[in-house]
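Take the sequences, apply the hints, and build the full model.
One-letter residues, chain by chain:
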Amino acid sequence: MRQHVTAAFAMAVFPLAVAGQTIDDGIMMGRRLLCAGYMYSNDQWSRYWEGSLERTNGNIGTLTTESHQIFGIYGVTDRLNVIAHLPHVRTGASAGVMAGQRGWQDATFAVKYKFFDTRFERGSIRAIAVAQASTPVSNYTPDVLPFSIGLASRRIGARGTIHYRDRKGWFLNGTSAYTWRDGVSLDRPLFYTDGRLTFSDRVAMPNAVDYSVSTGYIRGELVLSAMWGEQRVLGGGDIRRQDMPFVSNRMDFGRVGAWAKIPIPRHDELSIVGGYSRVVTGRNVGQSTVLTVGVMYLFKFPGRRS
Amino acid sequence: MRPLFLLLCSGLLVKAAVPNDADAGAWQMIVLTSPTQVAVAAPAAVNDPAYLAELTNLKTAQSQITPRQRAAIAYWSKGGAIRWNEIMMELVSRYNLPPAPRTDDSYPAPDASNPFADPNFPFANPPYAARAYAYASVAQYEALKAAWHYKFLYNRPMPSKADSGVQALRPSSDVPAYPSEDAVMSGAATAMLQLLFPASVEEIARKAAEQREAALLSGRASASDIAAGLALGTAVANLVINRARTDGMGAAGGNATIWRQLADQTTARGEIAWVSLESPPRPPMLPLFGRVMPWMMTGAEIVAERAVPPPSTSSPEMARDLAEVRETAANLTRRQLAIALKWSDGAGTPTPPGRWNYIAQPYIENAWFTEVRAARAYALLNMSLHDSAVACWDAKFAYFNPRPSQLDRSIRTSIGLPNFPSYVSGHSTFSSAAASVLAHLFPAGAGAFGAAMEEAAISRLYGAIHYRADIEVGKALGARVASYTIRFAQSDGGQ
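Note that the protein sequences, when read in sequence, are chains X and C. Numbering-wise, the numbering used here comes out as the position in the first sequence, counting from 1, plus 314. Numbering-wise, the numbering used here comes out as the position in the second sequence, counting from 1, plus 2.
It is possible that some hints are incorrect.
Which chain X residues stay away from chain C? Per the calculated CB distances, all over 10 Å, these [what the hints assert, rightly or not]:
#1 G437
#2 G483
#3 V527
#4 P577
#5 D582
Computed cross-link-like contacts, EDC-like style, restricted to lysine to aspartate or glutamate with a CA-CA straight-line distance of at most 20 Å [what the hints assert, rightly or not]:
#6 C:K344 <-> X:D557
#7 C:K344 <-> C:E456
#8 C:K344 <-> X:D501
Simulated from the structure, these hints should not be mistaken for laboratory data. C-beta atoms are modelled at their ideal positions from N, C-alpha and C, and glycine is treated no differently.
Structure below.
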């Protein structure tokens with residue numbers, strides 16, 4: 315249960331699971347349960363990495379990316395969950411003259427399958443596989459970074475997660491994914507990146523891996539967790555000195571975060587959620603601080619087992 | 003077999019029908035005084051033992067040809083003038099980055115004597131690029147005209163024609179081989195680009211050597227054809243470099259006193275003076291570029307053709323134009339944004355002059371020109387683009403007119419805001435001049451050039467960085483500048 319709205323540069327690389335039972339945690343929704351909700355994220359950075367050089371930019375000041383997201387997770391069975399979410403994103407800078415951008419970003423769908431689950435005296439271990447896919451839902455441009463609302467690349471990913479939980483509810487979660495990224499089209503017939511001028515509007519996008527670990531406490535609908543994770547893009551050029559970022563740049567970063575889901579007393583189908591994360595290492599990304607708040611509601615459909 | 007054979011024959015006949023431009027040695031020179039200004043000694047006869055030994059070596063080299071060498075032959079067979087133009091576009095893109103500010107908020111100037119430092123030399127901004135494309139194209143064109151003079155003076159055939167044992171790995175032509183046009187271009191390009199992009203000299207020398215090797219191994223030129231071509235191309239380029247060293251570019255950046263004077267004289271006229279909206283404020287881009295020597299015009303003609311003054315910053319006309327920019331930016335459609343981005347050609351791109359070279363390329367390629375005629379097309383196009391840059395910068399710094407976002411801070415741009423005065427629009431001037439010259443050279447493309455010009459020009463309003471007056475007056479200025487080039491092209495001998 316972590317939020318993933320990170321640097322505007324990096325936003326569309328991660329599978330952006332901000333859902334109640336996220337794509338990359340070890341928690342499964344029970345059969346015939348639907349968790350749906352809304353979440354607001356505010357991502358800000360004033361420092362960024364131009365290649366590996368950390369700097370500020372007087373023509374950007376602070377870049378703010380706000381995201382309004384709707385999401386849902388449905389338990390088809392106790393072992394099989396489907397997940398969908400869709401953010402509306404808005405960007406803007408505190409300095410300079412460049413216009414921010416806004417629009418519906420990328421829809422994500424995922425199928426999460428628990429293929430291994432064993433219980434023993436002190437706790438349980440489960441293993442989960444996830445197939446995930448994302449696609450832009452509007453014709454936004456990825457060519458005005460860092461103002462673009464995303465990278466406009468269609469993606470599919472394969473993820474594996476291992477989740478250990480003791481009898482008291484303390485857990486440790488490890489997850490990693492490989493993401494294949496489709497090329498993107500620009501509105502111009504040529505572009506220069508990674509030391510080469512290409513006479514095409516089509517930009518090949520390098521694939522990416524991400525991995526993270528989290529730990530925390532779960533009891534009923536209450537979840538408290540802390541995480542550390544990294545993304546590595548497998549190719550792409552650096553932002554050159556005093557250049558603008560480019561869609562296929564190598565946008566690597568590491569971040570830490572904390573997350574809480576707190577059910578309302580006596581109405582535990584309703585929870586409020588909140589999170590904080592910070593990019594701590596990076597290359598070609600902003601040094602984002604992200605705050606997230608949201609609400610989620612648990613619908614129980616008839617026919618479910620107790 | 004028979005239909006295929008006939009097809010091949012007809013293909014060869016079409017090729018053979020391409021004129022060899024045998025008179026190109028007499029076409030009008032631009033920098034040189036005559037095609038014989040650089041002497042090229044007579045070559046050995048085709049039955050001379052030294053030449054026969056060259057052919058023997060060539061046959062041995064062809065028998066040991068590698069896949070890499072075959073790929074190089076295929077690459078250069080697109081045409082040397084075209085390939086060097088592409089290489090130029092890449093170099094301009096690489097060096098088209100403004101210097102980053104220092105910690106004390108000042109901006110370092112790129113230093114030609116220390117090109118690898120931060121910032122790299124050069125900052126290949128649009129005026130720098132326009133001038134660079136022009137010099138590279140003119141050096142090639144002058145050297146090729148001189149080469150054509152000697153080719154048809156000495157009439158030594160290609161090795162693949164002199165000796166049937168030498169394979170023709172590119173379609174052979176009846177253009178005599180001595181001196182080799184490929185080597186001429188490699189020499190001219192190396193000398194010229196060394197001046198313009200000194201930090202990339204190794205890569206340029208590698209490309210040039212590859213071009214010469216491809217000429218040799220394809221059976222187009224012998225070792226002595228190549229040696230004579232390399233010497234000629236280098237010598238001609240050095241004459242062109244003499245012009246470049248004294249054309250006023252060195253002073254085009256101005257200094258703090260000049261930057262202040264530009265603002266003060268504008269304010270004294272009762273107008274709002276341009277200020278940099280970058281943070282920290284950056285000195286204006288090449289404020290004295292308007293005094294750099296033009297190609298097809300004189301400095302006096304640049305001033306005589308100067309655009310009329312822009313609407314006063316306090317006039318109702320300006321208020322109306324400003325409102326149009328504000329409304330356009332506030333209601334920008336995705337289609338308009340796409341047009342703004344399509345033509346943005348800002349930092350990290352080949353610049354608008356490079357974009358017009360890109361637009362010209364398929365026309366030059368599909369015309370099956372000789373190298374000298376292809377070089378003529380690039381030279382005419384790029385001289386008009388350079389003259390457009392001079393005329394446009396002359397107007398920009400004569401009037402020092404503020405950008406829309408300066409007069410109304412609420413106006414947000416969808417593309418980068420160029421760091422120099424608004425009036426007149428560079429895109430409009432460049433595009434209008436280029437479209438006119440290309441329409442003269444390739445009348446069948448006139449409609450496409452005109453449409454591209456209109457779209458490039460209006461893209462600056464969509465980007466919210468220019469008023470309509472900047473665009474309309476810029477287009478008219480570009481057309482006037484082009485008329486000088488077209489007049490030259492109508493009577494230079496190559497028409």
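Verification of the hints:
1. Annotated as non-interface, G437 of chain X keeps its C-beta farther than 10 Å from every C-beta of chain C; the closest such distance is 53 Å.
2. Distance check for G483 of chain X against chain C: the nearest CB is about 49 Å away, which clears 10 Å, and the non-interface claim stands.
3. No beta-carbon of chain C comes within 10 Å of the beta-carbon of V527 of chain X; the shortest separation is about 37 Å.
4. Distance check for P577 of chain X against chain C: the nearest CB is about 42 Å away, which clears 10 Å, and the non-interface claim stands.
5. For D582 of chain X, the shortest C-beta to C-beta distance to chain C comes to about 44 Å, beyond the 10 Å cut-off, and the non-interface label holds.
6. About 18 Å separates the Cα atoms of K344 of chain C and D557 of chain X, which keeps this hinted pair within 20 Å; it holds.
7. For the given pair, K344 of chain C sits about 13 Å from E456 of chain C by alpha-carbon distance, which is consistent with the 20 Å threshold.
8. In summary, the hint linking K344 of chain C to D501 of chain X is supported, as the alpha carbons are separated by about 5 Å, within the 20 Å threshold.
Checked against the numbered hints listed earlier, the structure breaks none of them; every hint is satisfied.
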